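**Student:** Go ahead and model the full structure; you've got the sequences and the hints to work with.
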Amino acid sequence: MTESPGPRAVDEPEVLIVGAGPVGVALACELLQQDVRVRLIDRRAGIDESDPHSKGILVWPRSLEVLARIGVAGRLAATGHRSKGVNYYSEGRLRGTAHMHRLADSPYPFVLTLPQRETERVLRDRLAELGGTIEFGTALVGLDTSGELPEARLVRGGAAETVVPRYLVGADGPGSITRELLGIRFDGEAIDVTYAIADAPISGDVPENAQYYYSRDGVVALVPLANGYYRIAANIPHRGPDEDNPSPQLLEEVINRRAHTRFTVGTPLWTRSFRPRLGLAERFGNGRCFLVGDSAHVISPAGGQGMNIGFQDAANLGWKLGGVVRGRLNEAALDTYHAERSVGAVRMAKTSAAQARFAMQRKSARIAVRDAVFVAARWTGLLDRILVPLLAQTDVDYAESVSDPLFRRIAHPARPGQRVPLFAAPGGGDTNGAAEPAGGGFGGIPPLDPYQYTVVLWPGRRTPADWSTTAAGLLDRFTGQARVLDLGAVPAAAAPALRRAFGNRPVIATVRPDGHLAHLAPATAPEQAQAFLRSIAPDRTAVPSLV
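Taking my numbering, the leading residue of the sequence shown gets 41, the next gets one more, and so forth.
It is worth saying that the hints were derived from the structure and are not from the lab. A quick note: this is a predicted structure, and the numbers were derived from the prediction, not measured. A couple of the hints might just be wrong.
Calculated cross-link-like contacts (lysine-lysine; reagent style BS3-like; alpha-carbon spacing at most 27 Å) [as the list claims (entries may be wrong)]:
1) Lys390 <-> Lys95
2) Lys390 <-> Lys403
3) Lys124 <-> Lys390
So the derived label-pair ranges between C-beta atoms look like this [as the list claims (entries may be wrong)]:
4) Asp88 <-> Arg297: 30 to 36 Å
5) Asp257 <-> Gly223: 49 to 55 Å
6) Arg455 <-> Leu134: 35 to 41 Å
7) Val413 <-> Val181: 48 to 54 Å
C-beta atoms are modelled at their ideal positions from N, C-alpha and C, and glycine is treated no differently.
**Tutor:** And the structure:
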């Protein structure tokens, strides 16, 4: 990282965000809640409210957890359709179900489906509530990073200007101009699959859950939306540039052949075919400039995880960037962004690609193996223990490498980097539409500090007889240094998840604002936790105060 900048013009933004899609707006909300001066630009002329097209529709539990930080999770949950799980069929027979409603350590135990345009509308409404605006018709055309601060050259309506923010973030999608101007390589290529997608009404005995139908002929997904509509997604033969978008008749034929049933597809709101181009930026940042969302990574659409990874980018970078700008954290905190989020993106990219290969089997022997794996996983409980957290992204672990995640999830040792079942208080104005109690806690547990580290006092599997005295002494010791949560008495339903997070012995756990474990120390060694808190302070000599 570069050294802290000198005096700047008061009207310059502290953070310039390029791109006002869902991830760029979510990041802007994160920063505005921390009183960071944000300028959000987008080269598009505006939002075409009449356009029905919508690429992403799935919002998974972990995304809702981080979106609650900016006050939109409840609104989204109240707007979209909730599925209890995901059903997987092979040649018309149900082979297994990922039961999201059994996700015991999240306030959002469901798959939320709503068109991306609706998700973006909710995010823009929240942005406006926070005093933010989007400057449409404003393009980034040049970027000079040779000096202490980035100099961004913008053009709007033919007028040029130079902006010198403290930090710049590219959220401008797969064809990111920001990434190009930073000279960051984007490795990837088009995959040899054409997908057809559509939103249409379907009549027939369509189950309530999201459905994946595997067959020798290919794959089709049916995902329920609101008002009787479904998202239809299927691989189809490659199409020529002059061919029309897929017809309802084609979609109906594909569904019925692969699902081995009889559904009727009504008039779609829209249809489209596309051949995705995947890619991963070689790095997610360069000095004071960063990439988030599709600017940094584009993964296979199988599983519907792309936008969700971007939301986690925004949350990860948002609290760190706000903490540095507001003086709560030293600038080295930003160095962890690429390391943490690139691992998450690579892991989910591999998972989505493997899911696509798993689905598109044509040889009888491989189909038999695939089906046997599903059946065995269902009967042994591995679908709920492994697949559900993977899809929900509640098993994101910033300490992991992308190799051998299976053993890690079974063993699940308490270690820094893993997500813990504690959540930040929702941003102001959230409409509670989920299982989350008012005030942001979960299972009766008070919320984390949304933008500073929280010290958690955990008594272990069996609470020691003198725990109240121990906790009182620790509370006094950390007063003025961090928010402290004493988990000496927690609801029985929450105890198993907390034991998995913190272990069986009394510890002092320092938890990040985004709900990931940052540091563990024995309850008898508070000086270790205090040393960690000092290490993240901006001057490395004093812990930031709770202002």
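**Student:** Compare the structure with the hints numbered earlier in the document and write down the numbers of the violated ones, lowest to highest.
**Tutor:** 5
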